[in-house]
Amino acid sequence: MRVLLIFIFSFLILTQHVFSNTPELSDKELLAKFDNTPSPPKNINDVIRLLDSTKPDLEKIKKFQELLNSNPNPNFTKNQLYIYVRDKYYAAEFLGDTKKFEELCKLIIENAELTNRDEYLDAQMSCVNSEILMGQDQKAYDRLVELGNHPVIQGGARLGVANMKMNALRNLGDVNEAEKLLPEMERYYSDSRRTGHQNLMVWGDFYEEQIERFRGEYYVLKGKSALAEAHFKNALVANEKRLIKQQNGFFGDSTRRVHTKEGIITGRALLRELLARSLSNQGKLIESEYQTREALKINLSVGGRNNTRVAGNLSGLAYNLAEQGRGAEANILTEYTIKVLSEIGMPKTSSRYLNAVNARAASLVGIEKYNEALVQFEIIRSTVASDEDLKKTYKKFDLDEVVALIYTNNYSKAESISKPLYELEKSRVGEKHSRTVYAQAFYAVSLQGQNKTKEAKENYKSNKKRFEIIAESYMGLLFDEAKLDPKLANDLINDSFLLSDLARGSSVQKALSQSTARSNVKDSKLGELARKEQDLQRQISNLNDLLVSMSYSSGDKRISELQAKINNDISNLKSERESVKNSIKSSYPEYLDLIEPKPINIERTGKLLKPSEVLVNWYFGDK
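Counted the way this note's numbering counts, the sequence shown spans residues 1 to 623.
Warning: the hint list may mix true and false statements.
[Claimed, not checked] Straight-line Cα separation of at most 20 Å, SDA-like style, residue types lysine to any residue; simulated pairs: (1) K396 - G223; (2) K222 - K261; (3) K419 - N409; (4) K62 - D87.
If you are wondering where the hints come from, they were derived from the structure by calculation, not from laboratory data. What you are looking at is a predicted structure, and each value in this text was computed from that prediction instead of being measured.
Turn these sequences into a full structure, and let the hints steer you where they fit.
This is the structure in structure tokens:
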């Protein structure tokens with residue numbers, strides 16, 4: 001009893017000491033830290049400088065290289081050998097030596113004491129981590145299922161195992177298994193909260209981080225990204241509390257990675273990556289870019305440039321920039337990504353390597369190099385076809401490939417990808433989700449390109465209402481971005497103003513205006529120019545239709561020669577039409593404004609209003 005009282009007294013003193021040094025921040029104040037997102041830089045120059053200037057810790061590298069190339073002391077006990085092999089694995093991970101992962105994984109498990117829960121769990125989790133880093137998600141999931149059934153895995157350990165299961169399921173896109181896992185995880189969390197006070201002081205924040213991350217990953221998989229965002233931010237709050245404890249010495253001399261600064265901030269980087277994904281799925285691209293940049297900084301500080309996590313961040317940032325229309329910058333980052341993965345010996349059959357190739361393809365689509373993008377997509381397809389595991393686990397469809405195929409007039413292949421992609425998204429996230437909307441829209445384009453008019457019309461018709469979903473989401477994004485960057489607020493709000501006008505159907509109004517204007521020309525010279533401009537427009541349209549129909553003919557040499565001639569004729573007609581329009585513009589600018597009205601914007605509208613007048617632009621949508 002006396003020993004127990006001394007222990008409790010010592011523990012209370014330690015707790016008082018730790019929290020006397022901890023900043024007095026409430027959960028709300030900690031959450032604000034992750035809610036208030038500053039604007040990222042306007043270009044990637046800082047990222048390139050950071051990558052190029054990241055100097056490796058030569059002393060640490062030398063130490064790890066020596067460890068990796070060393071042999072164990074023949075007199076080591078089993079426990080000493082376990083620690084030696086475990087540290088050797090950490091060295092391989094730091095140096096990016098993925099080729100040694102599998103061998104070291106076997107050795108860690110062989111030397112871990114099966115009855116020692118911490119040793120056994122850490123050993124298996126090291127293997128899971130290596131498999132996920134190598135893109136072997138199915139292998140990692142199978143190991144986790146076996147691990148979860150082991151009798152030594154009890155209490156809070158079950159949370160960690162279930163969380164990694166969800167991570168693997170998200171990567172695999174397996175919604176059904178995730179549905180089964182959710183109630184199991186919630187039960188584990190409730191059980192862990194009923195443990196003793198002392199255990200909660202050490203592990204409570206970790207349990208909180210685990211359950212919040214789990215919920216976030218589940219909702220990402222379900223397509224409910226706003227909910228996922230909230231849970232990932234809660235997980236970051238719990239992670240911040242753990243870091244404060246670690247900095248104040250709460251975990252003492254614990255060598256478990258979960259209690260080290262490196263382990264905690266590596267977890268933070270992952271949470272920022274996941275948060276970035278949930279933001280990107282909502283169209284919050286600027287906030288997503290910021291979170292990805294922060295994750296990249298952490299991973300560069302922990303493992304240097306040549307590690308798989310940095311490569312993953314670069315791929316994520318490249319995807320984000322491509323979505324923002326910054327294709328050239330995205331393309332530069334994908335080159336860095338593939339270079340990093342090649343330097344660390346990442347197998348070209350790993351999903352991580354294929355994701356980097358996919359990001360490169362997306363960036364090429366962004367800068368309109370469609371044929372080059374299709375080469376990258378073909379590399380992915382042939383790699384997947386040659387690997388049985390990849391056939392089961394790697395994604396089969398990509399919307400960027402559909403875009404590239406449409407722009408290269410391969411409508412048949414575009415249909416073969418866009419149709420199953422549309423059905424897949426509809427089953428996963430529902431008919432009204434933006435991912436489903438995009439897929440169906442491009443499916444309709446692929447049908448129209450093959451003159452499958454009836455089917456195309458049906459898909460366009462059902463997609464018409466959904467266009468408003470995209471327009472409304474984009475308008476919301478523009479206003480969110482305006483709040484983050486006051487310098488660009490006017491331009492962004494103006495873009496939203498234009499978009500609301502487009503969503504109301506102003507293109508129809510424009511067509512009517514053109515027809516009316518041309519039929520009411522009184523000036524003979526203008527009438528002649530107007531008729532010529534209209535005739536040229538019709539000729540161009542007819543030749544384009546002819547060119548499309550010829551693209552489905554067999555590869556006859558005469559057909560190819562005729563296509564080349566038609567392309568040349570179209571180019572000449574466009575130049576001639578542009579010349580006629582310039583003549584109209586110089587002599588009859590008012591008429592040109594009628595047939596090709598400039599988009600309405602805030603500045604032009606303001607000039608039409610009297611000082612006492614105000615125009616309120618209302619857009620009523622479903623959201």
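Now for the hints, and whether the structure bears them out:
1. The straight-line distance between the Cα atoms of K396 and G223 is roughly 18 Å, inside the 20 Å bound, and the hint therefore holds.
2. A distance of roughly 32 Å separates the Cα atoms of K222 and K261; the hinted pair therefore is violated under the 20 Å criterion.
3. Pair hint K419 plus N409 holds up; C-alpha atoms about 17 Å apart against a cutoff of 20 Å.
4. For the given pair, K62 sits about 14 Å from D87 by alpha-carbon distance, which is consistent with the 20 Å threshold.
Comparing the model with each numbered hint stated earlier shows that hint 2 is the single one that does not hold.
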